[in-house]
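Colleague: The primary structure of each chain is shown beneath.
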Amino acid sequence: MNKRFVWAAVAALALGAAGCASLPGQPTAAELDAQALAMLKASFRDEGIATTKRLEQDLGQQACSAETAPPEGVAKRVEAEALASIKWPAGGQYLGDWREGEKLAQNGRGMTWTDKSAAPTATTATRSARKRCPSAPSAPASTTTARSAA
Amino acid sequence: MKHWSWVAALALLPGLACAQKTAADSIAEYRALLADGNPAELFEAKGEDLWKAKRGPKNASLERCDLGQGAGVVKGAFVRLPRWFADTQRVQDLESRLLTCMSTLQGLDAEAIAKTPFGKGEQANMEALVAWISAESRGQRMQLPQAHAAEQRMYELGKRAFFFRGGPMDFSCASCHGEDGKRIRLQDLPNLTKNPGDGVGFAAWPAYRVSSGELWGMQRRLNDCYRQQRFPYPGYASEVTIALAVYMGVNAKGAESIAPAIKR
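Order-wise, the sequence lines are chains R and A.
Under my numbering, think of the first position of the first sequence as 218, with each following residue one higher.
Under my numbering, think of the first position of the second sequence as 107, with each following residue one higher.
Keep in mind that the hints were calculated from the coordinates and are not lab data.
Glycine included, every Cβ here is placed at the ideal spot set by N, Cα and C.
Just to be clear, a hint being listed does not mean it is correct.
To be verified - Cut-off 20 Å, straight-line C-alpha distance, at most; resulting in silico cross-link-like pairs (SDA-like, lysine to any residue): (1) R:258 x R:272; (2) A:359 x A:229; (3) A:288 x R:326; (4) R:258 x A:221; (5) A:152 x A:229; (6) A:158 x A:178; (7) A:300 x R:283; (8) A:300 x R:284; (9) A:288 x R:323; (10) A:288 x R:272; (11) A:288 x R:324.
Stated by the list, open to error - Examples of chain R residues toward chain A, derived with CB under 7 Å: (12) 253; (13) 260; (14) 261; (15) 284; (16) 285; (17) 329.
Let's have the full structure, built from the sequences with the hints guiding it.
Modeller: What follows is the structure, given as structure tokens:
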């Protein structure tokens, strides 16, 4: 009885090991994870404001760097951390100048290694609006101007 | 009321015609107009001359360069890259392989070329070379080899790099290229986790970019993706760029190559 139990345990262990480990000479998933991080570290360099510090992941970035979503427990932790990091507007002033906010939303530029400042920029709105309509590059009319005319 | 009629009048202006079509329609029409005389042809012609020209300290041509199909074989090489090379003991993409050939055959300084800004000096020559070499496989289907353990490893590393989220905006490659139906402004973005179709994504680069008048190889394409992701700067022909190319290229298996394509 005892002997049979031991054998079953050994067999289960062997099966489990075979299920996790890959063929000889082939790296395991965990080894590939480590190799991928080393590869990223070796491949990137600082350029302007975009330094390699940007490769250091926070919990959310780390948890959301796979093909599949993180397990529920991790997702909850990421959510809680993100919520805790929100800086609410001072003095209960929740509605600011929405036009400034829209500029930012329509622009989407800034913070790259070709930008001088690490802040998102909303100063090139006209340029991006013009680019939005490539078949009419010289037409001054754009979605932005149409909206402000209305 | 008056305001609304103004809006209606503005909408009828021919300059706003693009707003009435889908983004994809406009871009497709624009490309069709331009493709009838893709300026990439000029780069292809220059690239063919460069391949045959005796250059560098060794005054040699690239005609004995092995792109994976044997010394000097150019046709069909592009749709089978990146791949493992026994002489360098590395998986190499087209551009890193050309660096090897320029260094070993012609005696040029590969490290210096890798540090040269895009479009300048030997990098301008590189663009012409990749235009011609990719054109020699035009119409063929992507078929990257995956038999060697190193090629399989690079696919796995490329996949991890593709999903790696970082930077101040939490971007990964997958943020834009991980599912169908995404776009940036008018540009449809291919889903690169699978075969996105003939002449799309990996099967469309190198490409001539109308907006800048430049011929971009895959290295420059990836470089600008990472810039827009707000990542730090990926080294030219660095391992991450090659791993990503393996991941995208293997996923695109069977897609017809139209490189060098024409892009907005």
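Colleague: Now look at each hint and say whether the structure bears it out.
Modeller: Tested hints:
| no. | hint | in the structure |
| --- | --- | --- |
| 1 | R:258 x R:272 | holds (8 Å) |
| 2 | A:359 x A:229 | violated (28 Å) |
| 3 | A:288 x R:326 | holds (18 Å) |
| 4 | R:258 x A:221 | holds (18 Å) |
| 5 | A:152 x A:229 | holds (13 Å) |
| 6 | A:158 x A:178 | holds (10 Å) |
| 7 | A:300 x R:283 | holds (15 Å) |
| 8 | A:300 x R:284 | holds (12 Å) |
| 9 | A:288 x R:323 | holds (17 Å) |
| 10 | A:288 x R:272 | violated (25 Å) |
| 11 | A:288 x R:324 | holds (17 Å) |
| 12 | 253 | holds (4 Å) |
| 13 | 260 | holds (4 Å) |
| 14 | 261 | holds (4 Å) |
| 15 | 284 | holds (6 Å) |
| 16 | 285 | violated (9 Å) |
| 17 | 329 | holds (5 Å) |
Checked against the numbered hints given earlier, the structure breaks hints 2, 10 and 16 and satisfies all the rest.
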